[in-house]
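Here is how the chains run, residue by residue.
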Amino acid sequence: MRDIGKLKEEAIRALRGAADAEALEGVRVKYLGRKGELTGLLRALKDLPVAERKRIGPAANVLRRELESLVDSKKAELGGNEGNRVHLDVTKPGEKLRRGHLHPLTRIDKDIRDIFRSMNFSVVEGPEVETAYYNFDALNIPPDHPARDMWDTLWLQSNQKNSKFEIRNSKFLNKSQQLLLRTHTSPVQVRYMETHEPPFQIVVPGRVFRYEATDASHEINFYQLEGLMVGEDVSLANFKFVVEEFFRKLFGKGLEFRFRPGYFPFVEPGLEVDIKLTRDQRQTTNDSRQSSVVSRQSDWLEVMGAGMVHRNVFDAVHYNPDAVHGFAFGMGIDRLAMIKYKVPDIRLFYNGDLRFIRQF
Amino acid sequence: MKFSYSLIKTMVPKLPAKTRCVDALTMHAFEAEDGSMDAFEAAPPPNRYSDAASHVGIARELAAIFNLPLKAPAGMPLPKERNGGAHFAVRVEDPGRCPRYTARYFEGIKVKPSPAWMQQALISCGLRPIVNVVDIMNFVMLEMGQPLHAFDYDKLSGSAPKRIFIRRAKRGEPLVTIDGGRYELDPEMLVIADERGPLALAGVKGGKDSEVDGKTARLIVEAANFENTGIYRTSKRLNLATDASTRFSHAIAPALAEAGMVRAAELLVALAGARPGECFDSQRKAPPRRLLKFDIAQFSRLIGTAVTRERAAELLRRLGFQETKRDVWEVPPFRMDIATHEDLAEEVVRLMGLNALRAAPPRVVLGVAEEDEMIREKERVRRVLSGLGVDEVYLHSMISREEAGGAVDSAVQIENPPSSEFAYLRPSLLPGLRRSAGENLKYFSHLRLFEIGKVFGRDRKGKIVEETKLGIVVAGQERDVFFTLKGIITSACKGMGLVDFRMVPLKKLPPAPGYSSTVLQALSLESDGKEIGFLGLDPKPFKQGHAAVAEIDFGALVELAEGEAEYRPLSRYPSVMRDVSVVVGVDAKVGDMMQEMQLANQKLICDVDLIDEYTKPLWKEKQGLTFRIVFQADDRTLSTAEVDAEMKKIVALLKRKFSISVR
Numbered sequence: 001m002r003d004i005g006k007l008k009e010e011a012i013r014a015l016r017g018a019a020d021a022e023a024l025e026g027v028r029v030k031y032l033g034r035k036g037e038l039t040g041l042l043r044a045l046k047d048l049p050v051a052e053r054k055r056i057g058p059a060a061n062v063l064r065r066e067l068e069s070l071v072d073s074k075k076a077e078l079g080g081n082e083g084n085r086v087h088l089d090v091t092k093p094g095e096k097l098r099r100g101h102l103h104p105l106t107r108i109d110k111d112i113r114d115i116f117r118s119m120n121f122s123v124v125e126g127p128e129v130e131t132a133y134y135n136f137d138a139l140n141i142p143p144d145h146p147a148r149d150m151w152d153t154l155w156l157q158s159n160q161k162n163s164k165f166e167i168r169n170s171k172f173l174n175k176s177q178q179l180l181l182r183t184h185t186s187p188v189q190v191r192y193m194e195t196h197e198p199p200f201q202i203v204v205p206g207r208v209f210r211y212e213a214t215d216a217s218h219e220i221n222f223y224q225l226e227g228l229m230v231g232e233d234v235s236l237a238n239f240k241f242v243v244e245e246f247f248r249k250l251f252g253k254g255l256e257f258r259f260r261p262g263y264f265p266f267v268e269p270g271l272e273v274d275i276k277l278t279r280d281q282r283q284t285t286n287d288s289r290q291s292s293v294v295s296r297q298s299d300w301l302e303v304m305g306a307g308m309v310h311r312n313v314f315d316a317v318h319y320n321p322d323a324v325h326g327f328a329f330g331m332g333i334d335r336l337a338m339i340k341y342k343v344p345d346i347r348l349f350y351n352g353d354l355r356f357i358r359q360f
Numbered sequence: 001m002k003f004s005y006s007l008i009k010t011m012v013p014k015l016p017a018k019t020r021c022v023d024a025l026t027m028h029a030f031e032a033e034d035g036s037m038d039a040f041e042a043a044p045p046p047n048r049y050s051d052a053a054s055h056v057g058i059a060r061e062l063a064a065i066f067n068l069p070l071k072a073p074a075g076m077p078l079p080k081e082r083n084g085g086a087h088f089a090v091r092v093e094d095p096g097r098c099p100r101y102t103a104r105y106f107e108g109i110k111v112k113p114s115p116a117w118m119q120q121a122l123i124s125c126g127l128r129p130i131v132n133v134v135d136i137m138n139f140v141m142l143e144m145g146q147p148l149h150a151f152d153y154d155k156l157s158g159s160a161p162k163r164i165f166i167r168r169a170k171r172g173e174p175l176v177t178i179d180g181g182r183y184e185l186d187p188e189m190l191v192i193a194d195e196r197g198p199l200a201l202a203g204v205k206g207g208k209d210s211e212v213d214g215k216t217a218r219l220i221v222e223a224a225n226f227e228n229t230g231i232y233r234t235s236k237r238l239n240l241a242t243d244a245s246t247r248f249s250h251a252i253a254p255a256l257a258e259a260g261m262v263r264a265a266e267l268l269v270a271l272a273g274a275r276p277g278e279c280f281d282s283q284r285k286a287p288p289r290r291l292l293k294f295d296i297a298q299f300s301r302l303i304g305t306a307v308t309r310e311r312a313a314e315l316l317r318r319l320g321f322q323e324t325k326r327d328v329w330e331v332p333p334f335r336m337d338i339a340t341h342e343d344l345a346e347e348v349v350r351l352m353g354l355n356a357l358r359a360a361p362p363r364v365v366l367g368v369a370e371e372d373e374m375i376r377e378k379e380r381v382r383r384v385l386s387g388l389g390v391d392e393v394y395l396h397s398m399i400s401r402e403e404a405g406g407a408v409d410s411a412v413q414i415e416n417p418p419s420s421e422f423a424y425l426r427p428s429l430l431p432g433l434r435r436s437a438g439e440n441l442k443y444f445s446h447l448r449l450f451e452i453g454k455v456f457g458r459d460r461k462g463k464i465v466e467e468t469k470l471g472i473v474v475a476g477q478e479r480d481v482f483f484t485l486k487g488i489i490t491s492a493c494k495g496m497g498l499v500d501f502r503m504v505p506l507k508k509l510p511p512a513p514g515y516s517s518t519v520l521q522a523l524s525l526e527s528d529g530k531e532i533g534f535l536g537l538d539p540k541p542f543k544q545g546h547a548a549v550a551e552i553d554f555g556a557l558v559e560l561a562e563g564e565a566e567y568r569p570l571s572r573y574p575s576v577m578r579d580v581s582v583v584v585g586v587d588a589k590v591g592d593m594m595q596e597m598q599l600a601n602q603k604l605i606c607d608v609d610l611i612d613e614y615t616k617p618l619w620k621e622k623q624g625l626t627f628r629i630v631f632q633a634d635d636r637t638l639s640t641a642e643v644d645a646e647m648k649k650i651v652a653l654l655k656r657k658f659s660i661s662v663r
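Residue numbers (our numbering), protein chains in the order written: chain Y, 1 to 360; chain F, 1 to 663.
With the rest of the complex left out, here is chain F (with noise of 0.2 Å):
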């Protein structure tokens, strides 16, 4: 929000530099930040367009900072009788929506520019002068914060009196505004009106009917106050936000529409040779006075500062505070964000300077710092998958219509999608996963890479699913990217304290994003029965290689995997290697032969691996494999007899089983 240096210096006559008091602002009220010539930009937050959001206010804060005098404008006060009169009456036929609504009459109007000063300071706010009326319409909302709409009287309907209506829009009723703009209202909106239909949408734009033009004579000058809610909504569904709105949206104090109307009767008394007539106010008392408690012990406790009771009185009174009697204190009218002992708190701290306060540590009842566990178990899986050679990188939560590909049906579908790249919460964190590999291969000839992330989707009930996943891909000309995949997950498995746990073929893959084609060369991660996850070969290569994919649900991981590590005794007699070179068909599956193999004998045989595998072009149909199987007792030495014994059984449960010929 723009503001003139120089306007605000006419209120405050001793103010120091332009650059001192930006700085001054941003550390005792809100963000403000030097401007070109005589401007200045400053934020009042939300809950400051009441007081704040103007010339005046500006001022207002400035002295209380610097502990100068203010010197508001006067204006022109309004006549006690305040029905309207001979020429206009008005009726506020909705005081919910209508808080306060004062009007008043003025004729011998002299339209023509505004004086320059006048001019400048629009400009410096980055208005446009037009012509004295609307001008000084303008000025009054930036000085005084109250946003005002000057009908021409003449273009009214009906005889004298005319009646004005604050009332709700009729359904389908059109109002063209000021700037052409057409718009069909509906009974949630709030019009002025005549007898004729609606003058102006109340609060947010004036209509093109009853607006001053070259030859306007007679006014009838609206300052009102419209409630908060239905302004943003009324904005909202038109997509119509203008400065009136903004205003009227953030809440602003009634007492402001008393204000406004007091100072446009004198400028346009003194710039558009004005003779003010009958004045209509729909305030018939003024509201309660708001008190609020003061207490000093309070205070300290909460800002944990000693202060002493006479600072604080002296600070709250530089801003307009008023103690009405020991420690009760009166609220400014225009203060709409003062409501509790901690808002004057803010208001005493905050002129002080936040600077000021003492850092103290706390004093605090000792209790054990725990972190979730999934934190926890997140940072284990890195650890052992960057020891694995596993980059990590975080990608996007929203993908594609395209990229959700099979799980689109179920995929959770953003509102308000920024763009078509981010219209889905990503169902799995394969498809980003996908596209960072395709994107790395331009620089990598072979990549590893995971994520931990949630993902979303819905069950059956339609509700939303979240949970946390571990998606890996090895991808690129590595030697064997999907057994290096299986390798690191099975390391990663026993890393994160996965005992009991198994790959078992897939024939398919479940509707997984971007892999709706049937995928047979994949394994389902299974433990207790469970499947916690996938690994499989992606169907779809690079042109730079395979790439091999896995998804695992972390969740899951984490509710299986064991915590602690146990001992077990460790044998005392030594372990016998013996390998065995088989020829077997192509279609016979290892993992089958080494599960047979380790079941052959599960009380002497500690471990079975493939060491070795080759073909010949001889053999057509057939493999070379070595298996390397180790023996160990746990009571005795295990003699050459007794293993070759071992041997000789498992070559025939071999033969038998899976029709090899030992080489």
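Next comes chain Y alone, as it looks inside the complex (with noise of 0.2 Å):
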């Protein structure tokens, strides 16, 4: 039985001295190998009386392991050399994996929606057809009255020509019930009190329709998000701290904020919200300087109306007036993102040009 003392001193030796992995290999295979020298040693192991195999064994299998790992770092020591002759530019591009690319509308709108979840408003969505009755007379917008031509609307055909429906006769629908493209996203705090019992705080973005000659302001569809809270103690000043925190946590601190009076049928007091961008805030490219927005930056951008929920509209929702109060506000979510983005023209949100989205 050869001594392991030896045997790991020799092995050990002839491992430092291999200089390929062809030398490398042939003392592996000395030691190693299945009819190596370690190998041969711990075979024999089974034929010694039990006291010299508990000596030995244990010594012998931590020598085994000590070899192995030897080799395994001579291995790659050597290795690593070959390595070296690989050519490899790593200054050549990456390949191209191409993601795709989100519509500024979705990227903003998420923005928004999680400021307002942050201030534990939930947020829910309505439908885009309506009925006059909740797109105005539920809103306190009476019908004949020019406060309804603040909102030029797109009216549904309820009796279509060429349809093989059986439908309703125009004349005999109740006025009320005349359909249209929601004008605002504001039937649904009436759809949503229906349904709802206070305290709550809502914010509801979706898109709206207007009946308007497109330009670099102005789009026949555009998306708005309405917020609306009620509760017992409601106030004026809770909406000032809500907004304000809102529009701070979009736009970045420094903002400058004017509030004044407005007029919209369904709030009483009512008021408009502007907003002033700090210098660094309205810093912009050369493209986006005919920005219709954006040309008039130093002056104060008009991002918000608002105001106390009217008290017909409470009647209108059966709650009391006198019980509750709440705050409701509206905003353009596309003005915004012309506004965050430097976007100058409405209509590059939906002629679908990729060279638009994919800025984004």
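Check before you lean on any hint, since a few could be wrong.
[Claimed, not checked] Derived, one-sided and incomplete: chain Y residues facing chain F with beta-carbon distance under 10 Å: (1) 106; (2) 153; (3) 244; (4) 355.
I should point out that these hints are in silico values taken from the structure, not numbers from a laboratory.
We put the CB at the ideal spot given by N, CA and C, even for glycine.
Put the complex together from the two separate chains, hints included.
Put into structure tokens, the structure is as follows:
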């Protein structure tokens, strides 16, 4: 039986001396191969008396593991040298893996929803096809009154020619039930209050429609976000807090605010909110200088209409206007996106041009 | 609406400079903008036409804002006796539509140009001076907010006392207006008439027959109040909007009629040499005072800012409100917009300035902030699709008749389309996506687009149905647009948590817009036995390449998707991979072959995939396919012999069912 200490000394010396992979493999076979010296020693253990076996066995096994790891590290060392010979120009461009781009309105809508959810607002949606009742009547916008003309409405045909469907004649339709494309997200206020009891706070993002000649700042469809908070002690001061927090989170600190009177039939008092960006926030590229939003950027930007929910609206949803108060607000998501991303023309959002989309 | 600064300054002599007035109006009343020279613009909202759409109204606002004294024009008070007289008599036949009618007789009129100051004021406000009588009518309207009309007394029919009727028009009754417009009236409309017929369309426009001209010597001046919705409907029906009809449509106070008449009399005497005669007024007694309670505690709760009772009272007084007893306030007669406690609260806060209000965090019962499921799921599919290299677009909700194509019968038509390209609500996302793909192929060799949006149609009863759809287009020189799309949809469905779905060949598309021709190369997407969408090769390729399109009912997808993933034990035994290359007729469906293989042994076969396909000119009607089959058992390591036996079975199965030969 060979002496383990000597075997170890010999094997380690041989391993260190191996100059290349071939020599290293020779050494490995000599000691660790099937007929190798250490292997032989381990195999011979079973023939030894128990006491001997207990003495030599563990030491031999430790040596085997040690030699195996030395072989591995030597192999890596030699192999590494070989690797250096492979030519790799690390300055070549990476593989072009294309990700899809989300629409800028999707991005800002997400930002806006996140901010409001952080302030405990729920997010709900409503239908795009509405009745005159929800879009106007229930919101204290009376029929046959010029106030209704503030919203240029796209009406839907209730009686279609060439239709194979049986449709009630529009003459017999109640005026309140006439169908239209919602001109604002405010009808969802009414729909929500009809089915929920205060206190609550919600925001409602969604597509709205106007009868409009399109230009750089007008589109036939666009997005709004409606907000509504109702409870026993909701005040105009609470409104100010919530919108100021919102706009600071969306556009950054240092924003200036201006609140002035505004008229919306479904709120009283009614107000409008203007913001003024800081010089840094206004920094812009050459391209967007013509922007109708951005060109007046030294001025105040109108960003929101709002107010305390009118008691007639509470009446319409059978709330007690003397027991609860609420504030409501509405803003154009497209407009906020135009300000935030410095987009000069609202039509870019809806023409499907990927050269635009891929900037976001 | 245009205003003359110098005219307002005559009423508020200490008025600050024009730009300050414009700012003050914007911050405390309504939007205003500076104009050139003497003029500026202000936009009283629809509920303030009665009190603020006039120079005296703006002066009242500015005097209140700056806390300055107001000196409104005094005028010539009406006589006590107001029943007409020797020259004329009035009968209001429809008092509902005409809450107040005042008229006065004037003689000795000298028609001539009006003085320069009046002409200048008219010009500042965008009106053209004509002659004194007409100018006075217009000027008083601008100054006091009350539309007036002057009839040439000598052109009225009948003999003194000439009779004037305020009545509904008869069906088909004609009227030629002062600008030469010819109208056929109907009984919905209100007219001012003499015994012969209509003299004027009440509250809208005067008639040619009784018009003031250079020879006019005697007048009947009318200052009336007409019910707003009647005027609004008449104006819309005839498509005839005038300064007068606009003002009446907004509902103005009956008290204005008297104010207008008083001022007009003063000016006619001063500037046209008129001698005022008898007067008529349909209002027999003053309307009741309107009283509102103002409670400072209730106010503070609404506004959230502490204001003293004294401060609020002072602001209300500045605006012309009078406290009749403690906390009870009388509303000025011209204010048609004040009806509730909140209206009074608005008066106080706007005069204080909204910027001065406190901002305070709400104190609320904490609830869980939720998001509609559809919102969350839209967000998820957007994330999945963008990860797969698909770009998102937003397109219009309206399309043209041509684009509605085969779905035009059930598509929802816009009653007042702004143009033919926006005539219908889109019944599908695909026409828009296809158009967008075509445009984009001018700049990109290939593209992948998606949109999530509402589409609209009608059910069998004609009721409008709106649904959220997901549309995807893959187009251009992508290696294989259809299979790229199929892969995208497979990944997207899995990413959405749709566990059990299949795509089966579709013989014919439903009548989709823009796809009226039969599409053979299409699949329907099915889950839980329901068809929830389709994908297919667009039969009309672009010149830059083919397009594959898909449209999926997003609501159904969300409903069928399973929310939570669930752990399954990992096999502890290795899998074995085997490839088999076969030659088979081109008619054989790869999908069918793979399904057969998969079913050959559901216990051991965990995956089947197509990894290569090829053809050789020699083969003609045949194709070469290489499949990769992965075997794995839950409870043991599979032996070579076992896998060989399974492969043999599979080959035999393929030979029997698809007549393949192994290469």
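Tested hints:
With a cut of 10 Å, the hint placing residue 106 of chain Y at the interface with chain F holds, because the nearest CB-to-CB distance is about 6 Å. Hint on residue 153 of chain Y holds. Least Cβ distance to chain F is approximately 8 Å, under the 10 Å limit. Below 10 Å, beta-carbon pairs count as interface contacts, and residue 244 of chain Y has one with chain F at about 6 Å; its hint therefore holds. Residue-level restraint check for residue 355 of chain Y holds (minimum Cβ-Cβ distance to chain F is 6 Å; threshold 10 Å).
Hint compliance for this structure: no hint is broken.
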